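Chemist: The lines below spell out each chain.
Protein chains: 2
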Amino acid sequence: MVALSSAAQEKEQKIISPDVHPDNTVTFRLKAPNAKEVNLELEGSSSAAMARDDQGVWTFTTKPLSPDFYSYTFTVDGVSQVDPGNALRNPNHIWQSSMLHVPGGSSPWEEADVPHGVVHHHFYRSQVVGDQRDFFVYTPPGYEPHSHKKYPVLYLLHGFSDYADGWTAVGYANVILDNLIAAGKAKPMLVVMPLGYGAPEILQVGVGSLDHDTLRLPNYQKFTQALLSEVIPQVERAYNVDKKRDSRAIAGLSMGGTESLLTGLNHLDQFSWVGAFSSGGLPEDFDHTFPGLDSKANQRLHLLWVACGTGDSLIKINRQFRDWLKGKGITHADIETPGVHEWQVWRRNLVEFSSLLFR
Amino acid sequence: MVALSSAAQEKEQKIISPDVHPDNTVTFRLKAPNAKEVNLELEGSSSAAMARDDQGVWTFTTKPLSPDFYSYTFTVDGVSQVDPGNALRNPNHIWQSSMLHVPGGSSPWEEADVPHGVVHHHFYRSQVVGDQRDFFVYTPPGYEPHSHKKYPVLYLLHGFSDYADGWTAVGYANVILDNLIAAGKAKPMLVVMPLGYGAPEILQVGVGSLDHDTLRLPNYQKFTQALLSEVIPQVERAYNVDKKRDSRAIAGLSMGGTESLLTGLNHLDQFSWVGAFSSGGLPEDFDHTFPGLDSKANQRLHLLWVACGTGDSLIKINRQFRDWLKGKGITHADIETPGVHEWQVWRRNLVEFSSLLFR
Numbered sequence: 001m002v003a004l005s006s007a008a009q010e011k012e013q014k015i016i017s018p019d020v021h022p023d024n025t026v027t028f029r030l031k032a033p034n035a036k037e038v039n040l041e042l043e044g045s046s047s048a049a050m051a052r053d054d055q056g057v058w059t060f061t062t063k064p065l066s067p068d069f070y071s072y073t074f075t076v077d078g079v080s081q082v083d084p085g086n087a088l089r090n091p092n093h094i095w096q097s098s099m100l101h102v103p104g105g106s107s108p109w110e111e112a113d114v115p116h117g118v119v120h121h122h123f124y125r126s127q128v129v130g131d132q133r134d135f136f137v138y139t140p141p142g143y144e145p146h147s148h149k150k151y152p153v154l155y156l157l158h159g160f161s162d163y164a165d166g167w168t169a170v171g172y173a174n175v176i177l178d179n180l181i182a183a184g185k186a187k188p189m190l191v192v193m194p195l196g197y198g199a200p201e202i203l204q205v206g207v208g209s210l211d212h213d214t215l216r217l218p219n220y221q222k223f224t225q226a227l228l229s230e231v232i233p234q235v236e237r238a239y240n241v242d243k244k245r246d247s248r249a250i251a252g253l254s255m256g257g258t259e260s261l262l263t264g265l266n267h268l269d270q271f272s273w274v275g276a277f278s279s280g281g282l283p284e285d286f287d288h289t290f291p292g293l294d295s296k297a298n299q300r301l302h303l304l305w306v307a308c309g310t311g312d313s314l315i316k317i318n319r320q321f322r323d324w325l326k327g328k329g330i331t332h333a334d335i336e337t338p339g340v341h342e343w344q345v346w347r348r349n350l351v352e353f354s355s356l357l358f359r
Numbered sequence: 001m002v003a004l005s006s007a008a009q010e011k012e013q014k015i016i017s018p019d020v021h022p023d024n025t026v027t028f029r030l031k032a033p034n035a036k037e038v039n040l041e042l043e044g045s046s047s048a049a050m051a052r053d054d055q056g057v058w059t060f061t062t063k064p065l066s067p068d069f070y071s072y073t074f075t076v077d078g079v080s081q082v083d084p085g086n087a088l089r090n091p092n093h094i095w096q097s098s099m100l101h102v103p104g105g106s107s108p109w110e111e112a113d114v115p116h117g118v119v120h121h122h123f124y125r126s127q128v129v130g131d132q133r134d135f136f137v138y139t140p141p142g143y144e145p146h147s148h149k150k151y152p153v154l155y156l157l158h159g160f161s162d163y164a165d166g167w168t169a170v171g172y173a174n175v176i177l178d179n180l181i182a183a184g185k186a187k188p189m190l191v192v193m194p195l196g197y198g199a200p201e202i203l204q205v206g207v208g209s210l211d212h213d214t215l216r217l218p219n220y221q222k223f224t225q226a227l228l229s230e231v232i233p234q235v236e237r238a239y240n241v242d243k244k245r246d247s248r249a250i251a252g253l254s255m256g257g258t259e260s261l262l263t264g265l266n267h268l269d270q271f272s273w274v275g276a277f278s279s280g281g282l283p284e285d286f287d288h289t290f291p292g293l294d295s296k297a298n299q300r301l302h303l304l305w306v307a308c309g310t311g312d313s314l315i316k317i318n319r320q321f322r323d324w325l326k327g328k329g330i331t332h333a334d335i336e337t338p339g340v341h342e343w344q345v346w347r348r349n350l351v352e353f354s355s356l357l358f359r
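For the protein sequence lines, the chains are A and B, in the order given. Numbering follows this note's numbering, in which position 214 of the first sequence is assigned residue number 214; successive positions increment by one, without gaps. Numbering follows this note's numbering, in which position 226 of the second sequence is assigned residue number 226; successive positions increment by one, without gaps.
FYI, nobody ran anything at the bench for these hints, they're computed from the structure. Treat the hints with care, as some may be off.
No copy labels: a pair is met if it fits in one copy or bridges any two.
[Stated by the list, open to error] Each computed DSSO-like pair below joins lysine-lysine, with the alpha-carbon atoms no more than 30 angstroms apart:
| id | residue 1 | residue 2 |
| --- | --- | --- |
| 1 | Lys14 | Lys222 |
| 2 | Lys316 | Lys36 |
| 3 | Lys36 | Lys14 |
| 4 | Lys149 | Lys328 |
Computed from a predicted model, the values in this text were never measured in an experiment.
For reference, chain A alone in the conformation it holds in the complex (with noise of 0.2 angstroms):
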């Protein structure tokens, strides 16, 4: 609670922003009496030019829009601003923006009346970076430290420009992994939300970084050590987890996606189920960043389930994988869904990959 310019900042508010009306258009309004252009940018459309009233606010009003969460942008004389009037915003290192719901329908991303899991935050010091930093744990509902029953883990990955809360706060992965488990959809299963960077000075120098091996390999190398040599060992310490290869998976989006395929498939006495969505910043010189993987991995792979949209700029990329794969005689999954590079794709993967494992 800020108290000192409350009162102004309470009269602002009487502009609605985003305003979801019965029929699901919504309505985005912004006052800046004195800008000349104002766009909107909302996740899955074009950007569209906002129109001005005799109050210098600007008014944008969609078609219908499905159920769901579009993350959105205002721009304002050509510079990206979040919209002031709506709290819900998506925490991000480098791009901010507002969070529309659009509420309704049945998605699992949608917070139900069902029985719901806990969602730990860790903090340590990592030996293996050098920095503090952070991981979540997620616990299925009727997780129980004094029982002895042992839970099979997922560690799944953010993106570029995510902090660690990247598959809680934007992705809803608990949300998602309550109601698949409440449905029976999913296997009950610990979700390990660990922070993705290796050399975080990536996020410094940008996401061209993750195109040029000289920061984005010791990125990829130094988290898949953090990740087995540091999460891992805190995780089955602290948790009741089973540990065997068999009941631990990896998948991640984008950035998270490439740190998925590496670490997994380059460690298969450690994973038997590995997720890819829209890898991004990928090595292309396949057989040397999988070095030595061939059809023999089959019979340690339960599943090797690589997603992409079509509309994103790396499908380019995962097709050249797929074949790769295909190739060398490598069972996996090949998933082309409609979408761009969004958490629209990413929490529709999860629903699919996660009700796929542990069976």
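Start from chain A and add chain B according to the hints.
Modeler: Same frame as chain A, now just chain B:
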């Protein structure tokens, strides 16, 4: 990760704000080419006019600031907005603001290389309020579910407009406890941070609703009921806690300060340590609000700690309340500190109050 406008947004990132210099002066920058007037509202400072350069970038540089966390916003032609270049923000239902971190010093809210506790995020359906809601539980370093050691518990309440994560995301309560415990200045304890709204519709009405009994009384009553009949039983089932009143404290800020007084002082069978930081929305008829409370309470209260900043407009009602306590012969700590109605005050309150507990 949002890719659509990433190139454009990444380019904007070249505007660095906030820019903390080695001498602890801070430069704020905002690109707003067509704005006529831009002001910086910084916690602890007066509103400051920013100056425009020929690129449309508005700038202001502060005097040297003490290491601390500071909330701030920009006011652009009368409209409040967060800093688009800064990922650090304060989650809040109503007032959106960015966060400046001036690092350095050994303040207890600075993350340090000490053993860390874990923050657990719980979700449940409240029968009392009739909604899906959440609470957070901090377990201290060394907490071990399988041990028989029982911990005391501080129930710590946020203010009006905060989410349940107010005390962790903005107040750094977990960092503060980690540091105090490592220094031997606080006893290892659990800190439970529940959602503080008994009648969540007050969020729609605004902060003024805390001045009127129609909404505030049901809000307080149902909060107390949900805490006593829903949150405490869940906590005591899931964690190793000492259930005796000697090991149970309650404290909060602003609306949460009032809730701590109402819940604590009217349930001395349950709580024996009570703290109120900058209490807001406190009903003025104290005799009616605390029926039967008199000096006999001194035998049951280990601590009643009533604090307010001298620059806070709520200092008046807090002084009246302390006078009433004095008149009743109820022992309490009269705490007046510098500062207004802001988090810099409440972090310091928590440091002082938690250091006194369970001794």
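Chemist: All hints are to be evaluated individually against the structure, with a verdict given for each.
Modeler: Right, here's what the structure says about each hint:
Proximity of Lys14 to Lys222 under the C-alpha cut-off of 30 angstroms is restricted to the inter-copy arrangement: shortest distance 28 angstroms between copies versus 49 angstroms within a copy. For the identical chains of this complex, Lys316 and Lys36 are neighbours neither inside a copy (39 angstroms) nor across copies (46 angstroms), given an alpha-carbon limit of 30 angstroms. Taking the shortest alpha-carbon separations for Lys36 and Lys14, both the intra-copy value of 23 angstroms and the inter-copy value of 23 angstroms come in at or below 30 angstroms. In this homomeric assembly, Lys149 and Lys328 never come within 30 angstroms of each other (Cα to Cα): the closest approach is 38 angstroms inside a single copy and 55 angstroms across copies.
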